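Note that the protein sequences, when read in sequence, are chains A and B.
Take the first sequence: its letter number 205 is residue 205 in my numbering, and every next letter is one higher.
Offset between the second sequence (1-based) and my numbering: plus 1000.
Some hints could be false.
[Unchecked claim] Cut-off 30 Å, straight-line C-alpha distance, at most; resulting in silico cross-link-like pairs (DSSO-like, lysine-lysine): (1) A:Lys361 - A:Lys350; (2) A:Lys324 - A:Lys306; (3) B:Lys1030 - A:Lys239; (4) A:Lys168 - B:Lys1030; (5) A:Lys341 - A:Lys239; (6) A:Lys328 - A:Lys306; (7) A:Lys341 - A:Lys224; (8) A:Lys132 - A:Lys28; (9) B:Lys1030 - A:Lys224; (10) B:Lys1030 - A:Lys226; (11) A:Lys132 - A:Lys262; (12) A:Lys70 - A:Lys239.
I should point out that these hints are in silico values taken from the structure, not numbers from a laboratory.
Please read these numbers as outputs of a predicted model, since none were measured by experiment.
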Amino acid sequence: MIDFDVIVVGGGPAGTMAAHAAASGGAKTLILEKDRDIGYPVRCGEAVSDQGLRQFVEPQPEWIAATITKIRMRSPNNTAIDFESKMAGYVLHRRIFDYALANRASQAGAEIQTRAYVDGLVIENDTVKGVKYQYMGENRTLSAKLVIAADGVESRVGRMAGLRTATKLYDMESAYQATVGNIDIDQEMIDFYIGENWAPGGYLWVFPKGNRMANIGLGVVGTKAKDYNSHDLIHNFIKTYYPKATMLTSVCGGVPVAQTLKHITANGIMLTGDAARMVNPVSGGGIISGMHAGKIAGEVSIEALKTGDYSTNGLEAYPRRWRKAGGKNHEALHRISDSIKDITDDQLNKIAAKLEKVPQKDRSLLKIFTTVATQKPKILLDVTRAFTGF
Amino acid sequence: MAGIKFEIMTSGSCENQFRYLKGLIMILVKDNRCDFCGTCVAVCPVDAIELREADIAILDNCIDCDICVWVCPIEVLYSDKEEEVKHD
Ligand SMILES: Cc1cc2nc3c(=O)[nH]c(=O)nc-3n(C[C@H](O)[C@H](O)[C@H](O)COP(=O)(O)OP(=O)(O)OC[C@H]3O[C@@H](n4cnc5c(N)ncnc54)[C@H](O)[C@@H]3O)c2cc1C
Ligand code: SF4
Ligand code: SF4
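Next up, chain A with everything else stripped away, as it sits in the complex:
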């Protein structure tokens, strides 16, 4: 007897979307999550676009900490350029949001076990046939027809199946975020600080969290993380710009801004979300792409259960559909993120100085394009689009 049709490792948005799709299609599904809580600790700025979210779920008021209508980008010398966002976005309460997604999966029939750390796979004939895990110090094994690895940035489960998931230092953002209280900011605006002096090889963000709170974080590219400590940079920033702010939570985390793995399947297993490296490499956003890919993986698992072919071949629809849905865009964004690495603080300041003279209502993409045409127009255009979703 095989214990489960589908075992999903990781209870983040990618995992719970995959489990929801699998369970809705009638698969006997289990989610194994190592932490005590689904959705906690929150290692995330929690910003999503309305359009992105709505593809999968109707946004619920209890998930939403702040509704975003404006975007501000700051140059290294702190020139602020504001954009009206054409479409709204949200800063979520991921604690509540992740919980709701897990609950949604369980209502579709998926089982969930927390405190379950997957530390091995059952592999027979070069095919994944189940998982080994520790539950409160006890070793357990479960068999499954398919395993979906949604184990986030760590992505060890894929490695256990022989896939190469290790991310290069230059493709990893070493991040730190504080959720602060007692802060007076525009609660409808997300604020990005771009340039080496704020966050070497990354950016700094201030995202409103409602009720005079905010997520303030930054990422430093892995290759520079030895010399720039994101913890110290954030604390100095807050002390300088928001001295009255109080620390409510502080977490660190890694954002894999790498290209999606070349192989996201092996016999009996699919990788999804951060584990497959699906984060937007320019903005660092990975909630929506993880949900999207997780959903596709769950749907493909249903089809594989029908054919009984769990080999890489049998799962070929997953990488194919993902590429069409989000993978192509991801590849383009990765090329952009590569080219922005060359833009200097000086160039960014010059671009900002020009843009500042354009009235805000005229800051359409075309206008930005013509205004900065002498600088690095294409790149800036792409970056703006990646952040604002215009």
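Since the structure of chain A is provided, determine the placement of chain B with the ligands on it from the hints.
Just chain B with the ligands, lined up with the frame of chain A:
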């Protein structure tokens, strides 16, 4: 996993054990400092870091490349090759 698995819990005594065992593993964990975020796990080229809900272990297949030391956002890891350990 072949070989003996050495674990560094985030308590002092285990770390001392490690100093004793140095030569086998050179990456050390500063006591009570890890946030269990997984960034180091993601970049380790040989999958030598095991991270549970609230403990971190460097496994004995570590090749001492220091990549994890570099990437940690809060400087939890250090190499005993380095005489000088960064302090906050
Ligand atoms: C500081 C920071 C800020 C960010 N800000 C944003 C943002 O504003 N907007 C945005 O869209 N994205 C943001 N991201 C990225 C976003 O958080 C991730 O892309 C998203 O959480 C990915 O979802 P996931 O389901 O793939 O992985 P996760 O949400 O990381 O879930 C993976 C789960 O797997 C569990 N797990 C891992 N290993 C095992 C194991 N061996 N056994 C059992 N369970 C395991 C983990 O405990 C975890 O719960 C940010 C990331 C960071 C670090
Ligand atoms: S030193 Fe290198 S091999 Fe050893 S744990 Fe760190 S990243 Fe892995
Ligand atoms: S990167 Fe640092 S804080 Fe994060 S798990 Fe590794 S040692 Fe701990």
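Each hint tested on the structure:
The suggested pairing of Lys361 of chain A with Lys350 of chain A holds, with an alpha-carbon distance near 20 Å, which does not exceed 30 Å. With a C-alpha separation of about 23 Å, the suggested pairing of Lys324 of chain A with Lys306 of chain A holds against the 30 Å cut-off. A distance of roughly 26 Å separates the Cα atoms of Lys1030 of chain B and Lys239 of chain A; the hinted pair therefore holds under the 30 Å criterion. Among the hinted pairs, Lys168 of chain A with Lys1030 of chain B is consistent with the structure: their alpha-carbon atoms are about 24 Å apart, no more than 30 Å.
Taking the CA atoms of Lys341 of chain A and Lys239 of chain A, the gap is near 28 Å; set against the 30 Å cutoff, the hint holds. Between Lys328 of chain A and Lys306 of chain A the alpha-carbon distance is near 28 Å, which keeps this suggested pair within the 30 Å criterion. For the given pair, Lys341 of chain A sits about 13 Å from Lys224 of chain A by alpha-carbon distance, which is consistent with the 30 Å threshold. For the given pair, Lys132 of chain A sits about 18 Å from Lys28 of chain A by alpha-carbon distance, which is consistent with the 30 Å threshold.
Taking the CA atoms of Lys1030 of chain B and Lys224 of chain A, the gap is about 21 Å. The hint holds against a cut of 30 Å. Note on Lys1030 of chain B and Lys226 of chain A: the hinted pairing holds, with a Cα-Cα distance of about 16 Å set against a maximum of 30 Å. Using a Cα cut-off of 30 Å, the hinted pair Lys132 of chain A and Lys262 of chain A holds, with the two alpha carbons roughly 26 Å apart. Only pairs whose Cα atoms come within 30 Å are accepted, and Lys70 of chain A paired with Lys239 of chain A is accepted, the gap being roughly 25 Å.
The structure meets every hint from the earlier list without exception.
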